[in-house]
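Asker: So the chains spell out like this:
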Amino acid sequence: MSINTLIKSGSENLHDSIPIVLSTRIRLARNLCDYPFPGWAKVAQKCEILSQAKDILKDVPSLKTATFYNMEDLSDTEKLILVERRLISRELSESSHSSGVLIARNQASSIMVNEEDHLRIQILRNGFDLSKAWKNINTLDSRIESKLDFAFSDELGYLTACPTNIGTGMRASVMMHLPGLYISNQVDKVIRAVNQLGMVVRGLFGEGSDAIGSFFQISNQQTLGESETEILERLSKVLVEIVKHECNARMLLVENERIKLMDKIGRAYGVLCNSHMLSSKESMSLLSLIRFAVDLGMLPDENRTLVDKLFMETQPGHVQVQLSSESGTDERDFYRASFIRKGFSTLPELNFDILKEQEFTKLFPRGL
Amino acid sequence: MAENIQCNYCENPATVHLTQIVNNQVKKIDLCEDCAKNKGLSSPQGISLSDMFSGALEGQETGKQGLACPVCGFTHSDFRTQGRLGCPACYKSFRPILMETLDAMHPGTHHVGKRPNHLMDRMDTRQRESHIEESLQQAIAEENYEEAAKLRDELAELRAKSELASATEPQQ
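Protein chains in written order, with my numbering: chain Y, 1 to 368; chain H, 1 to 172.
Just so you know, the hints here were simulated from the structure itself, not pulled from any lab data.
Any given hint could be a false lead.
The calculated DSS-like cross-link candidates involving lysine-lysine, where the alpha carbons are at most 27 Å apart (straight line), are [unchecked claim]:
no., chain 1, residue 1, chain 2, residue 2
1, H, LYS161, Y, LYS244
2, Y, LYS281, Y, LYS189
3, Y, LYS342, Y, LYS309
4, Y, LYS58, Y, LYS132
5, Y, LYS147, H, LYS150
6, Y, LYS42, H, LYS150
7, Y, LYS135, Y, LYS147
8, H, LYS92, Y, LYS58
9, Y, LYS8, Y, LYS42
10, Y, LYS54, Y, LYS132
11, Y, LYS42, Y, LYS132
12, Y, LYS132, Y, LYS8
According to the in silico footprint, chain H covers these stretches of chain Y (three or more CB under 8 Å from chain H) [as the list claims (entries may be wrong)]:
no., region
13, 135–146
14, 218–224
15, 259–268
16, 277–286
17, 306–316
Note that CB positions come from ideal geometry on N, CA and C, so glycine has one too.
Construct the entire structure; sequences and hints are all you get.
Answerer: Laid out in structure tokens, this is it:
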């Protein structure tokens with residue numbers, strides 16, 4: 001499957017989207033016991049690891065239709081697209097030889113080879129679903145483990161290149177949309193509280209990235225001394241608390257700052273409907289406000305998926321691939337604005353009146 | 001002052017002596033000419049004494065001088081600069097230093113999560129195989145052919161079983 005087909009076939013997190021929680025992701029770090037970790041292995045060893053992994057993975061039933069991409073065969077734009085779809089990490093996208101990724105046809109699972117660890121297995125699910133994600137990845141991991149000798153110690157669990165991942169090798173993270181907390185300047189407070197509970201808050205693309213469009217990734221930091229289920233339960237509790245705070249912040253905004261909020265959302269809508277040049281940063285923060293508007297009932301619920309789709313497909317790599325390689329920033333910004341205008345042409349007008357008759361319980365996402 | 005001081009890295013007498021304050025503590029380092037050269041003391045950039053103290057010499061104080069993984073050659077100072085380890089065996093090689101780090105990083109120092117059951121079975125089978133093989137060799141050496149035949153059958157059965165297990169799909 002080419003990268004273009006992959007874009008067209010749609011990502012796992014682009015259907016039935018719900019408020020506040022965008023997606024759930026779990027990844028497991030695994031290493032083969034007889035090789036140095038990728039950062040210390042010789043090129044020849046990395047090649048052996050890559051070919052061994054490819055051989056084994058193609059026999060895993062749920063990955064029969066998956067596609068393997070060698071990093072050296074992909075252009076920079078193609079790699080960027082995979083990062084934007086959260087199928088690979090930035091670290092993998094920067095490595096050139098003897099590393100790659102296997103991506104399932106539905107883009108719900110991917111396995112990076114020779115990133116920081118020999119294997120990074122990940123499952124991506126729409127909405128808030130840690131237990132299902134764990135069930136899926138546990139099965140997938142066991143199938144792979146039945147064919148490969150993983151580095152494991154009775155005492156320390158799965159051995160990983162970085163001691164921060166040792167034990168379960170598991171990082172579970174949930175992508176959250178927190179415009180209520182962001183607009184009311186409470187994000188820092190939440191981050192501090194979450195940190196104290198042993199969880200980490202990151203921006204959209206993980207380590208070191210900004211909180212563009214008030215999107216935040218919350219994940220567990222610790223991996224040793226607790227079982228996977230204990231970690232997930234703890235993370236779940238923290239997430240539910242954050243959702244409560246976000247709902248609260250939204251209610252207060254509607255109650256106390258309705259006019260300012262209506263103005264903010266109205267302006268975002270106006271710009272997205274009419275602009276002819278949009279940078280990716282600007283479009284992300286404006287689309288974030290439109291997602292917020294859908295949650296508040298100002299636009300019909302089904303438009304949330306459209307907003308998420310526009311958000312995904314107006315990222316730099318996704319735009320660049322539609323243009324010739326010589327196109328610069330102006331061309332990209334022009335293309336992005338046109339693409340969004342076209343998407344918005346099917347949207348109804350914003351319903352401002354609904355903010356006056358809001359039933360706040362409706363703000364709570366289903367299934368939480 | 002220096003005639004009896006030994007180099008911190010080898011047996012030779014130290015001829016280079018440095019003093020620096022690292023973390024509010026006076027640290028001293030004594031090196032022979034060769035080691036000083038190897039550590040970059042004669043290079044234009046010089047060395048960061050702080051790096052050396054946080055690496056090898058800190059180890060020396062607790063008896064871990066020149067710690068390197070015998071399997072992959074990764075050294076303690078590689079770990080300090082990269083924050084990552086060289087190979088799975090490094091966890092054994094650097095255990096004394098790592099356990100402290102792990103304790104500070106995680107809620108416990110003992111894994112209580114998922115165990116790779118298939119791997120455990122394979123390891124178990126391999127261990128039993130090598131045990132039987134040893135006994136078989138011994139039986140042959142002792143010309144105890146009756147015992148040898150028994151062990152050979154046992155080995156064949158074990159191998160057939162493990163092959164069968166690896167050929168069938170794992171249970172979910």
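Asker: Next, verify each hint and record whether it holds.
Answerer: Checked hints:
1. Proximity of H:LYS161 to Y:LYS244 is assessed by CA-CA distance (about 54 Å); at most 27 Å being required, the pair is judged violated.
2. The hinted pair formed by Y:LYS281 and Y:LYS189 meets the criterion: a straight-line CA distance of about 24 Å does not exceed 27 Å.
3. With a C-alpha separation of about 13 Å, the suggested pairing of Y:LYS342 with Y:LYS309 holds against the 27 Å cut-off.
4. Between the alpha carbons of Y:LYS58 and Y:LYS132 the distance comes to roughly 23 Å, so the proposed pair stays at or under 27 Å and holds.
5. Restraint check for Y:LYS147 and H:LYS150: not satisfied, since their Cα atoms lie roughly 30 Å apart, outside the 27 Å limit.
6. Pair hint Y:LYS42 plus H:LYS150 does not hold up; C-alpha atoms about 45 Å apart against a cutoff of 27 Å.
7. Between Y:LYS135 and Y:LYS147 the alpha-carbon distance is near 19 Å, which keeps this suggested pair within the 27 Å criterion.
8. Taking the CA atoms of H:LYS92 and Y:LYS58, the gap is about 33 Å. The hint is violated against a cut of 27 Å.
9. Only pairs whose Cα atoms come within 27 Å are accepted, and Y:LYS8 paired with Y:LYS42 is rejected, the gap being roughly 37 Å.
10. For a cut-off of 27 Å, the pair hint linking Y:LYS54 to Y:LYS132 stands: about 26 Å separates their Cα positions.
11. Proximity of Y:LYS42 to Y:LYS132 is assessed by CA-CA distance (about 38 Å); at most 27 Å being required, the pair is judged violated.
12. Of the pairs offered as hints, the one joining Y:LYS132 and Y:LYS8 holds, with about 26 Å between alpha carbons and a cut-off of 27 Å not exceeded.
13. Check result for the region 135–146 of chain Y against chain H: holds, 7 residues qualifying (beta carbon to beta carbon below 8 Å, three or more required).
14. Given as covered by chain H, the region 218–224 of chain Y passes the check, having 3 residues with a CB less than 8 Å from a CB of that chain where 3 are the minimum.
15. Here's how the region 259–268 of chain Y fares: 0 of its residues keep a CB closer than 8 Å to some CB of chain H, so the rule of at least three is not met and the hint is violated.
16. As drawn, the region 277–286 of chain Y meets chain H at 0 residues by the rule of a beta-carbon pair under 8 Å; below three, the given contact is violated.
17. Closer than 8 Å: that is the beta-carbon criterion, and the region 306–316 of chain Y has 0 residues meeting it against chain H, so the requirement of 3 is violated.
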